[in-house]
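Here's the letter readout for the chains.
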Amino acid sequence: MGQIDWIMYLTATTLYAISSILYIYCLVFKKDEKLNLAVSAALVGLLFHSVSIALRWIETGHGPYISMFEVLSKFAWFSVVIFLLVQQKIEKIKIAGFIVMPVSLLIMGVGSTYSRDIQMIPASLQSYWLIAHVGFASLAFGSILVAVGVAALYILKERHSNNAGTEIENDDSFYNKLPRLKVMDELIYRFVAFGLLFLTIMIGAGAIWANQTWGRYWGWDPIETWSLITWLTYGICLHLRLNVGWSGRRIAWLIIFSIFILAFSFLGVGYVYSGLHTSYLTS
Amino acid sequence: MDFNAGKKVSNFFKSRKLAIVLIFLIIIFSIIGTHIPQKSQLKPDVYNTWRNNHPSLAALFEKLGLTNLFSSFIFISLASLLFINTLFCTSNMFSTAIKRSGKKQFQNKAYISGLENSTSIRAGKEGGQVSSLISSVLRSCGYKVTQEENRMFAEKNRIGAFGTPLFHACILFIIVASVYGGVSRMEGDMRLIEGQTLSEEHGNYMFINEGPFFYEKHQGFDINLEKFYPDYKDETGTSRGPAGKLDITENGQKVKTDIVYSNHMMTYGGYTFLGNVYGLAPLLILRNPDGTVYSGSYITASDNDNSGRYVTYFEMGNTGLKGGLMVYMTSNLTSEKIMESDVKQTPILFLKVFDRGKEIYNGTLRLNDTVKISDKYLSFYDIKYWSNFYVVKDDGTLLVYVGIGLLTLSLVISFFIIPKKVWVDLVKDENNSAIEIYIGGRADKFRSLYEEEYCSIVNKIKERLSNGTD
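Protein sequence lines correspond, in order, to chains D and B.
Residues 524 to 806 in the working numbering are what the first sequence lists, from first letter to last.
Residues -9 to 460 in the working numbering are what the second sequence lists, from first letter to last.
None of these hints come from the bench; they were simulated from the model.
Where hints are given, some of them may not hold.
Unchecked claim - What the simulated footprint calls covered on chain B by chain D, stretch by stretch (three residues with Cβ under 8 Å from a Cβ of chain D suffice, anywhere in the stretch; the number is not a length):
| id | region |
| --- | --- |
| 1 | 8 to 15 |
| 2 | 374 to 387 |
Unchecked claim - In silico SDA-like cross-links for lysine to any residue, where the CA-CA straight-line distance does not exceed 25 Å:
| id | chain 1 | residue 1 | chain 2 | residue 2 |
| --- | --- | --- | --- | --- |
| 3 | B | Lys207 | D | Gly738 |
| 4 | B | Lys246 | D | Leu763 |
| 5 | B | Lys342 | B | Leu357 |
| 6 | D | Lys680 | B | Ile403 |
| 7 | B | Lys411 | B | Gln137 |
| 8 | D | Lys615 | B | Tyr440 |
| 9 | D | Lys553 | D | Glu681 |
| 10 | B | Lys33 | D | Leu751 |
| 11 | B | Lys7 | B | Lys99 |
| 12 | B | Lys29 | D | Gly738 |
| 13 | B | Lys89 | B | Arg129 |
| 14 | B | Lys7 | D | Gly771 |
| 15 | D | Lys700 | B | Cys445 |
| 16 | B | Lys342 | B | Ile403 |
| 17 | D | Lys705 | D | Ser647 |
| 18 | B | Lys(-2) | D | Leu763 |
| 19 | B | Lys33 | D | Ser647 |
| 20 | B | Lys217 | B | Glu240 |
| 21 | B | Lys89 | B | Ile403 |
| 22 | B | Lys223 | D | Leu550 |
| 23 | B | Lys(-2) | B | Leu71 |
| 24 | B | Lys246 | D | Gln649 |
| 25 | D | Lys680 | D | His585 |
| 26 | B | Lys223 | D | Gly632 |
| 27 | B | Lys7 | D | Ile779 |
| 28 | D | Lys612 | B | Leu71 |
| 29 | B | Lys362 | B | Ser287 |
| 30 | D | Lys615 | B | Glu106 |
| 31 | B | Lys7 | D | Lys557 |
| 32 | D | Lys705 | B | Val448 |
| 33 | D | Lys700 | B | Asn199 |
| 34 | D | Lys615 | B | Ser287 |
Predicted model only: the values in this text are computed from it and were never measured.
Where a beta carbon is used, it is the ideal one built from N, C-alpha and C, also for glycine.
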């Protein structure tokens, strides 16, 4: 079974790579006829990916949240699922896959470099709160990744509009098939709002889990502190938008920049700092 | 003059830009706090190693309070300022939301025409008929409609206006709850040998840390370690690691029994008991040559050597002798096929005895072995497990959990229950032959995304007007 799930994982990675190439092709050559093919490749890749996760789940007896290989696979899976659901509902932002799919591919690629050895679930990690904690972390990452995709589209469309002089209503060009700038601005806001909500639940579930395990819900451990930093960062983003009038390009750039803080908080902290979480994150 | 000064202070603390600056500074200090070794995060030897390796840097950071950053004056000041700022903003937001929610905001055609989503429709029907038709469409879309002469005001999701103030109130609540929990908190380590009972008193803790408002409010109930399991398997057969079965007794009555292991704490009377380190405690009895007991006790081998074996040094009564022991459980090799549970483990004890620094004994003892030490006899009679239990009383924890729950709920209200309003003004034309319907709508958030809903309302009204149905 171990070999089959690995083959499924590699097949999924290959299909994500094909999907990424198609998305980038569509964006670079401003042709949207290949978009459906890119979505199909992502969807089939997701099917293989899901089977791979399910097989490993059966084999290990626990969900994808113990080894780094599993954690990264789960992050990519949630990102692709959220994106495919969103593009189904808001068809005009399909092309945002040019960010989501390559990032998911990168996560899968990095994940494949980690050991796939099965690790038994340590006693300290046997908690439903841990499952909620890591599950909502992935949902937050997926939502904000989609926000980054839309933010990148916003910047590209705005640049195109500036070059063209204005946003032309009946123009059938590639960029005009995207939602209006104002709508994209609000979509960014909405996905960040989803992200902030999931981050809040993630931190809350983590606090309860920490209290069960260590007898305190907050201890300024580096990863706890970084999760707070991330939460505050997105809090600032929303504050700037609502209270200081930041919108459009400025907020789009801020959201793109902020995902590096989020990614560092989720995946990088374990390598840089020592603390209670470190052994878990770097195992 | 005084009034102006008060207003200035109020405006300063109400400023949302101040909130952004303070949050930004807290982020910066938090990042610094994760880079500079924090005394509260590290074991003393690890911290001292860093301190010895970077003496000048450590001295500077210590002087600036950066090695205890999260409880430093500067960090607490920033957090307090943010708290005050949030308090002012929250009260302001609540009063605005209350004012807005109570108002029937009928508007005229000029206001409606200025909205981003506005339409005018010409209808050849009688005024009462038109207003009842529009009202019916708006109600079918979930709006609550009120009417005043020829103007209508419809709104839905009014509760959404309270999401953002509630969110900020929850942040304040969590901060207050955690501060309350912190100042009235008690935490400590209680060491129990299997079968031993200790009462919940200050003196029975090996280490204890009490908040300034705990006031030594110890409960005095008895805690007994009934049994210790080095690798506990629960009823489903799942391995749960080390676990201890604890009994709580009050006034001679056993009031609670539970098995404490990782992620499974026991709570009683606001106290939580968590498993901590454990080890072996051999019972050593020192006898006089005539067989009478000179001294004896369970020696808790509380330190781990590099191989994970339990070691300790101890005084041998008033003899002036000092002992050092290492103990672990072992089993004999066998060629028979046996189950893991059938493996019988027996303790083995390595003992060294020193007389004023000079080694006078070095040997191995098995259970019930006796050796002659100086003019006395030392026997290894029994072995038990000991375990440290981390005992915490934090009355703020539950409040913090409630705060987190409400915070999540408030975010859902704030982002996903969006107050939406529709205004209608019915204006008769000069000849009284037709009615000009001015309709405008707005959502408090995601206004561009509201367009779709607004258009659907207008289309429904147009459809009903042309069908002539009510």
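Going down the list of hints, with the structure as the test:
1. Counting residues of the region 8 to 15 of chain B whose beta carbon lies closer than 8 Å to any beta carbon of chain D gives 4, which meets the minimum of three for the stated coverage.
2. Coverage of the region 374 to 387 of chain B by chain D holds. Counting CB-CB distances below 8 Å, 4 residues qualify, and the rule asks for three or more.
3. With a C-alpha separation of about 19 Å, the suggested pairing of B/Lys207 with D/Gly738 holds against the 25 Å cut-off.
4. This hinted pair does not check out: B/Lys246 and D/Leu763 have alpha carbons roughly 52 Å apart, beyond 25 Å.
5. About 16 Å separates the Cα atoms of B/Lys342 and B/Leu357, which keeps this hinted pair within 25 Å; it holds.
6. With a C-alpha separation of about 32 Å, the suggested pairing of D/Lys680 with B/Ile403 is violated against the 25 Å cut-off.
7. Under the criterion of a C-alpha separation no larger than 25 Å, the hint pairing B/Lys411 with B/Gln137 is consistent with the structure, at around 14 Å.
8. Taken as a hint, the D/Lys615 and B/Tyr440 pair is honoured in the structure, with Cα atoms around 17 Å apart against an allowance of 25 Å.
9. Taking the CA atoms of D/Lys553 and D/Glu681, the gap is about 15 Å. The hint holds against a cut of 25 Å.
10. A threshold of 25 Å between alpha carbons decides the hint, and for B/Lys33 with D/Leu751 the separation of about 23 Å falls inside it, so the pair holds.
11. The suggested pairing of B/Lys7 with B/Lys99 is violated, with an alpha-carbon distance near 36 Å, which exceeds 25 Å.
12. About 19 Å separates the Cα atoms of B/Lys29 and D/Gly738, which keeps this hinted pair within 25 Å; it holds.
13. A threshold of 25 Å between alpha carbons decides the hint, and for B/Lys89 with B/Arg129 the separation of about 24 Å falls inside it, so the pair holds.
14. Straight-line distance between C-alpha atoms of B/Lys7 and D/Gly771 comes to about 19 Å, which keeps the hinted pair within the 25 Å bound.
15. Pair hint D/Lys700 plus B/Cys445 holds up; C-alpha atoms about 20 Å apart against a cutoff of 25 Å.
16. At roughly 69 Å between alpha-carbon atoms, B/Lys342 and B/Ile403 are farther apart than 25 Å, so this suggested pair is violated.
17. Between D/Lys705 and D/Ser647 the CA atoms are separated by roughly 47 Å; this puts the pair beyond 25 Å, and the hint is violated.
18. This hinted pair checks out: B/Lys(-2) and D/Leu763 have alpha carbons roughly 23 Å apart, not beyond 25 Å.
19. For the suggested pair B/Lys33 and D/Ser647, the alpha carbons sit about 20 Å apart, so the restraint of at most 25 Å is met.
20. Restraint check for B/Lys217 and B/Glu240: the C-alpha separation of about 19 Å stays at or below 25 Å, so the hint holds.
21. For the hint pairing B/Lys89 with B/Ile403, the CA-to-CA distance comes to about 18 Å; that is within 25 Å, so the pair holds.
22. In summary, the hint linking B/Lys223 to D/Leu550 is not supported, as the alpha carbons are separated by about 56 Å, beyond the 25 Å threshold.
23. Distance restraint check for B/Lys(-2) and B/Leu71: the Cα-Cα separation of roughly 16 Å lies within the 25 Å cut-off, and the hinted pair is therefore satisfied.
24. Between B/Lys246 and D/Gln649, the direct Cα distance comes to roughly 24 Å. Compliance with the 25 Å bound is thereby established for this hinted pair.
25. For the hint linking D/Lys680 to D/His585, the alpha-carbon distance of about 44 Å lies beyond 25 Å, and the restraint is violated.
26. Between the alpha carbons of B/Lys223 and D/Gly632 the distance comes to roughly 38 Å, so the proposed pair goes past 25 Å and is violated.
27. Restraint check for B/Lys7 and D/Ile779: the C-alpha separation of about 22 Å stays at or below 25 Å, so the hint holds.
28. For the suggested pair D/Lys612 and B/Leu71, the alpha carbons sit about 43 Å apart, so the restraint of at most 25 Å is broken.
29. Straight-line distance between C-alpha atoms of B/Lys362 and B/Ser287 comes to about 18 Å, which keeps the hinted pair within the 25 Å bound.
30. A threshold of 25 Å between alpha carbons decides the hint, and for D/Lys615 with B/Glu106 the separation of about 22 Å falls inside it, so the pair holds.
31. Under the criterion of a C-alpha separation no larger than 25 Å, the hint pairing B/Lys7 with D/Lys557 is inconsistent with the structure, at around 46 Å.
32. For the hint pairing D/Lys705 with B/Val448, the CA-to-CA distance comes to about 21 Å; that is within 25 Å, so the pair holds.
33. Among the hinted pairs, D/Lys700 with B/Asn199 is inconsistent with the structure: their alpha-carbon atoms are about 64 Å apart, more than 25 Å.
34. Proposed proximity of D/Lys615 and B/Ser287 is contradicted: the alpha carbons are some 78 Å apart, above 25 Å.
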